[in-house]
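Number of protein chains: 2
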Amino acid sequence: MLEKTDQVTEDIGQVMPNRRIYLKMKSLKEAQSIFFSAFNFTNFLKTEVISTTESLNRVTAKPIFARFSSPNFHCAAMDGYAVNAELTFGVTLDQPKELTIGKEVFAINTGYPLPDNTNAVIMIENVVEKEGKIEINKAVYPWQNVRKVGEDIVATELILPPNHRITPYDIGALLEGGIFEVEVKEKPKVIIIPTGNEVVPIEIAQDRGIEKGQVIESNSWMLSSLLNTTNAICEKWPVVPDEFRQLKTTIQKAVESDAHLVIILAGSSAGSKDYTVLALEELGEVLVHGVTIMPGKPTILAKVNNKPVIGNPGYPVSSVISFEQFVLPILSQMQGFVYEERPKLKVFLSCPVPSKLGIEEFLRVKLGQVGKNIVATPMPRTAGSITTLTKAHGIIRIPAQREGIEEDEQVEAELLVPQAEIFNTIVIIGSHDLTIDLLTSELKKIDPFLNISSSNVGSLSGLMAIKKGRAHLAGTHLFDPETGIYNLTYIDRYLPEIPVKVVNLVIRHQGLIVPKGNPKKIKSIEDLTRSDVLFVNRQRGAGTRILLDYKLKQLNINSSQIKGYDCEEISHMAVAVDVLSGRADVGLGIYAAAKALNLDFIPIAVEEYDLVVPETLWETKKIQTILQLINSHKFKQAVEKMGGYETSKTGMVKR
Amino acid sequence: MLEKTDQVTEDIGQVMPNRRIYLKMKSLKEAQSIFFSAFNFTNFLKTEVISTTESLNRVTAKPIFARFSSPNFHCAAMDGYAVNAELTFGVTLDQPKELTIGKEVFAINTGYPLPDNTNAVIMIENVVEKEGKIEINKAVYPWQNVRKVGEDIVATELILPPNHRITPYDIGALLEGGIFEVEVKEKPKVIIIPTGNEVVPIEIAQDRGIEKGQVIESNSWMLSSLLNTTNAICEKWPVVPDEFRQLKTTIQKAVESDAHLVIILAGSSAGSKDYTVLALEELGEVLVHGVTIMPGKPTILAKVNNKPVIGNPGYPVSSVISFEQFVLPILSQMQGFVYEERPKLKVFLSCPVPSKLGIEEFLRVKLGQVGKNIVATPMPRTAGSITTLTKAHGIIRIPAQREGIEEDEQVEAELLVPQAEIFNTIVIIGSHDLTIDLLTSELKKIDPFLNISSSNVGSLSGLMAIKKGRAHLAGTHLFDPETGIYNLTYIDRYLPEIPVKVVNLVIRHQGLIVPKGNPKKIKSIEDLTRSDVLFVNRQRGAGTRILLDYKLKQLNINSSQIKGYDCEEISHMAVAVDVLSGRADVGLGIYAAAKALNLDFIPIAVEEYDLVVPETLWETKKIQTILQLINSHKFKQAVEKMGGYETSKTGMVKR
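Line by line, the protein sequences are chains A and B. Quick note on numbering: the UniProt record's numbering labels position 548 of the first sequence as 548, and the sequence is numbered without any gaps. Quick note on numbering: the UniProt record's numbering labels position 208 of the second sequence as 208, and the sequence is numbered without any gaps.
Keep in mind that the hints are not guaranteed to be accurate.
Unchecked claim - Reference listing, derived: stretches of chain A covered by chain B, where coverage requires no fewer than 3 residues with Cβ under 8 Å from a Cβ of chain B:
{"id": "1", "stretch": "99 to 113"}
{"id": "2", "stretch": "132 to 145"}
{"id": "3", "stretch": "152 to 163"}
{"id": "4", "stretch": "339 to 348"}
{"id": "5", "stretch": "380 to 394"}
Unchecked claim - In silico lysine-lysine, DSSO-like type, Cα no more than 30 Å apart, as pairs:
{"id": "6", "chain 1": "B", "residue 1": "K521", "chain 2": "B", "residue 2": "K563"}
{"id": "7", "chain 1": "B", "residue 1": "K346", "chain 2": "A", "residue 2": "K29"}
{"id": "8", "chain 1": "A", "residue 1": "K563", "chain 2": "A", "residue 2": "K521"}
{"id": "9", "chain 1": "A", "residue 1": "K62", "chain 2": "B", "residue 2": "K636"}
{"id": "10", "chain 1": "B", "residue 1": "K303", "chain 2": "A", "residue 2": "K445"}
{"id": "11", "chain 1": "A", "residue 1": "K372", "chain 2": "B", "residue 2": "K29"}
{"id": "12", "chain 1": "A", "residue 1": "K520", "chain 2": "A", "residue 2": "K641"}
{"id": "13", "chain 1": "A", "residue 1": "K148", "chain 2": "B", "residue 2": "K520"}
{"id": "14", "chain 1": "B", "residue 1": "K516", "chain 2": "A", "residue 2": "K138"}
{"id": "15", "chain 1": "B", "residue 1": "K516", "chain 2": "A", "residue 2": "K148"}
{"id": "16", "chain 1": "B", "residue 1": "K372", "chain 2": "B", "residue 2": "K391"}
{"id": "17", "chain 1": "A", "residue 1": "K24", "chain 2": "A", "residue 2": "K253"}
{"id": "18", "chain 1": "B", "residue 1": "K444", "chain 2": "A", "residue 2": "K46"}
{"id": "19", "chain 1": "B", "residue 1": "K649", "chain 2": "B", "residue 2": "K551"}
{"id": "20", "chain 1": "B", "residue 1": "K654", "chain 2": "B", "residue 2": "K636"}
{"id": "21", "chain 1": "B", "residue 1": "K46", "chain 2": "A", "residue 2": "K621"}
{"id": "22", "chain 1": "B", "residue 1": "K62", "chain 2": "A", "residue 2": "K634"}
{"id": "23", "chain 1": "B", "residue 1": "K467", "chain 2": "B", "residue 2": "K372"}
{"id": "24", "chain 1": "B", "residue 1": "K344", "chain 2": "A", "residue 2": "K29"}
{"id": "25", "chain 1": "B", "residue 1": "K520", "chain 2": "A", "residue 2": "K138"}
{"id": "26", "chain 1": "A", "residue 1": "K595", "chain 2": "A", "residue 2": "K445"}
{"id": "27", "chain 1": "A", "residue 1": "K520", "chain 2": "A", "residue 2": "K212"}
{"id": "28", "chain 1": "A", "residue 1": "K138", "chain 2": "B", "residue 2": "K595"}
{"id": "29", "chain 1": "B", "residue 1": "K103", "chain 2": "A", "residue 2": "K273"}
{"id": "30", "chain 1": "A", "residue 1": "K62", "chain 2": "B", "residue 2": "K641"}
{"id": "31", "chain 1": "A", "residue 1": "K521", "chain 2": "A", "residue 2": "K551"}
As the list claims (entries may be wrong) - Calculated from the model, a selection of chain B residues having no Cβ within reach of chain A, i.e. all distances over 12 Å:
{"id": "32", "residue": "E48"}
{"id": "33", "residue": "E281"}
{"id": "34", "residue": "T292"}
{"id": "35", "residue": "I604"}
Simulated from the structure, these hints should not be mistaken for laboratory data. Ideal Cβ placement from N, Cα and C applies to all residues, glycine included.
All chains should be modelled from the sequences, with the hints used to inform the complete structure.
Next comes the structure, spelled out in structure tokens:
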């Protein structure tokens, strides 16, 4: 999968017959400075006068000065008695003084205006009230305990500078200062033009579904949602097919409209059907074509009719990264406010990550706090998979001049979720099982604030993660051929110095996953050696792989006899998808995976899938909540319902 | 001002005649847990089905599973030729092979569906095209360069868990998965009820302005803007006067409506006209009255008709702090998503800040970056001044069990502005002078993006700040009695290892500040020894203090002969206020301070007020802009106009 991704987003750009190359390839920094400096944004937007109460997040066009002072009168800052301070001068403990209520002093509440000829307030705590009079034994000085006129805002003083983004607090200050209308920059208008013959608008997909070869037009909705924080007005245009003339005239119409920014979706790379760059070359000036980022490389930055026009890549993740690097910042530049970057955190990667030299990679990661460490687990890097973004907690940027990041190197991650979510993340590393996904969704129901980040790296790597203090839980189903015992002997071997608890999650059925109807009539492990049978295997260290090798040994089958033995996938679902797609005729995996894709299943063995927990974490809320869930009747029922599982040992603490 | 503030927000709660006390005072943590746990928020909100495209930031009511797989067909991951992989088996460099286009291989673009009977794509880079045929010298394996069905989303798999806040990315994933409608929590409805006889709605203020004793009703607009990020629908009700029955019936109507949360503005403290707590006691249960935070103490947390009802303090800053601590979190709890806290930064304070034991203070600060250090300058602590929030860059929380924060202690500041804004702040630490305030306001005019944060801690502390790398500029007027030279000799002594530039800001007149008409006929320093004269001094290290001591030495006057020599103030204005209020008969300070309070001034000396700049910063835009301003005719004119200053050396680089 990793390989494939690299190709998807990398190789497009190389010299090849009947294709163009990226003539204006730039690094991210170069591209941004070329693009942003190509326009003069002062006065790019008109201004408009709107009600102050409607002005949240808008940007001031001029300095704004107060019309009223606040307060506009001297008022009591305390409850007590208003007085002319001079009447109290010289008063001390030895020389107390009586003052007549209603004549010399006047009862007053906080916030109320001072009576004429008074300039101070004696705190109620400092008076002894006798009928008609008060006695004091302490002087007050002029304006003591008084909020003077203009203490907060003095009429004519500057409330807000120009190019200031209006906050809720500002709205309070503006109204206090008697400013009921403000002149602000107009909202920038953005036109989004989806393209592609295969693309189906959602209205149609909603009615008729989609046919083979069609794709739902979702990018424009995702991007317009990303505009949410920018004040921009978004206008979505109908999908344009891959037809040069039509694309060109559509772009022309867009740049000649009142829009301030035009974005063309997909068709931005250098393939034979990617017309955007040609159209833009004819209509105006292409400033950048191709940015050395991954995902996001097929980005076009152009200037047409003095307006910024952007060719946005078609793969959803590339589309988002490119959009966030070029569209969002330019919209804040137009309005003249500082573009707000995401908060960052120092993290450790749960495994080393190689990366291609010369490419700045935006690596999506899951984040969880284990002890003092914040652990980042890399997610699939495919540009075509939007779910890698929806499930990510952060993004780590791997600089172009680096060939990757070491496992024990601390790096910065940009946060995609509230930081609290990370502290509430339970890091499960190890073998994949669908009941982990079930755990994830059920957990949300009993505690919406907890969430699970699970990485499927195989049982052994899971134990290693526990060893390094990089996981709360490891999911493992390691069969020991010598003893016939699951997991415990491996734990003794690999985690001798770390006291852990071991809890059974499920007993599950492993078996051969074959296409519906089992066309090749596969009955047993022996059939894997047939020449007409293509097998798909799991990666080394995976429990399923060990189980297979054990069975082969029992049957004296040499792995070289099995076609596809060396072709590896890293999850049960991946194996099932291979069988569904015809990439393989058979794979070894769990029933639930076969069922999910409506494939047939031939049981081979039952195995114990356990969770390993460091004892130090056993009492934590995270772990206890998980255990409570695992032991619940509801969870066990749900597991049984999936089929291919037994829950007779579920929740049992084996050690 | 500091004194006054403390009283404003502190003393309200003490026992005093004709007032109630806070019976249910709690710490912030206590108050939050009491309040949040008093309600069962599961099913507190109904659910509704809305279009996926409208669902940004809404919260899922149920787990959402995919209906379609994405992609729903095998498609080319690369541009090239689709082929049945078996046709390429055995092909190598030595054994190349020709394949017929349209028969054995089919030209295909990225993203397009594979023709029937093909299962792989040969990259265009790896073929030599001859008419009608292509030659290859490398085999492909089945499904190489192919995006398989379900690579991103497999039908039936979980796209979103329940209680998940929908992001732009999620919208993309939902649409890809064929989910066009989602079931989400309804929007929580909030009713805001302003109260107070003095409060004027903005519509009226806009038409008629406001009269003495009136206040514009701005809090409700500020708070409803703060709801912007919460999905909440806000209903503002008309202002209710300070009248018990009317307030009570209004609250009753509100809690019996379909609202989920009710907020009453002002009248939440324990003053004789604060009816809210009484009304709530009669209508339901008051859980908390009074929270030990500053600002924000007069907060009421109640439960009426099983709904949360909040009494929100009247002073704008108290109102905001209370709102952010109780209203925003409870709205996210209702919907079941994690409340997003502000990003935090580690900072140093520009001066030590004492704080009241037992009170958790929310200290507003300006932030500036000096080298690696981020320096926080405390702002006025008055609860009544909304502009302290609009101008603040961050908030530092001083825990209740602390009596303050030391100068060299690193603390956390919550960011109120984009981090970038902090880099535009010029930090000036040192002796106070009114021309620094002038500099601040003039700077905004020539560069709205730059701003100055200045703290007045005396000349010596200013030099120390430069030494510690905590200031861009230090304002100093240190007179050296030995040499008669200003500043330079002190710089040699205290900053030997730090190369600095020294620029004159102004020459200013120091003199004796006495009440209007100079009742005690004070003429010279000698008069300070008179037994009928009470003096007020400046703090140790202040240039003015050193000047005085020098004069005393010249005149062989012993400081013990001066009544009030040990009574210290930390700014010129503070000294002037003491004289104005009668606390002292005379103080030493600058003309501008005397003038500001309309006091008399007897000149004693002229002194050189210089700015010290580390050479490393000299060329920076910040410093150069400041220098340009100081040298401008406009600035010098403005200084002359203030009186008590000479600008003959202004802008001169003395070193």
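Hints, verified against the model:
no.	hint	in the structure
1	99 to 113	holds (count 5)
2	132 to 145	holds (count 6)
3	152 to 163	holds (count 8)
4	339 to 348	holds (count 4)
5	380 to 394	holds (count 7)
6	B/K521 <-> B/K563	holds (17 Å)
7	B/K346 <-> A/K29	holds (28 Å)
8	A/K563 <-> A/K521	holds (17 Å)
9	A/K62 <-> B/K636	holds (26 Å)
10	B/K303 <-> A/K445	holds (26 Å)
11	A/K372 <-> B/K29	holds (24 Å)
12	A/K520 <-> A/K641	holds (29 Å)
13	A/K148 <-> B/K520	holds (29 Å)
14	B/K516 <-> A/K138	holds (24 Å)
15	B/K516 <-> A/K148	holds (21 Å)
16	B/K372 <-> B/K391	holds (23 Å)
17	A/K24 <-> A/K253	holds (25 Å)
18	B/K444 <-> A/K46	holds (23 Å)
19	B/K649 <-> B/K551	holds (24 Å)
20	B/K654 <-> B/K636	holds (18 Å)
21	B/K46 <-> A/K621	holds (29 Å)
22	B/K62 <-> A/K634	holds (16 Å)
23	B/K467 <-> B/K372	holds (14 Å)
24	B/K344 <-> A/K29	holds (27 Å)
25	B/K520 <-> A/K138	holds (23 Å)
26	A/K595 <-> A/K445	holds (25 Å)
27	A/K520 <-> A/K212	holds (26 Å)
28	A/K138 <-> B/K595	holds (28 Å)
29	B/K103 <-> A/K273	holds (22 Å)
30	A/K62 <-> B/K641	holds (27 Å)
31	A/K521 <-> A/K551	holds (20 Å)
32	E48	holds (18 Å)
33	E281	holds (21 Å)
34	T292	holds (19 Å)
35	I604	holds (25 Å)
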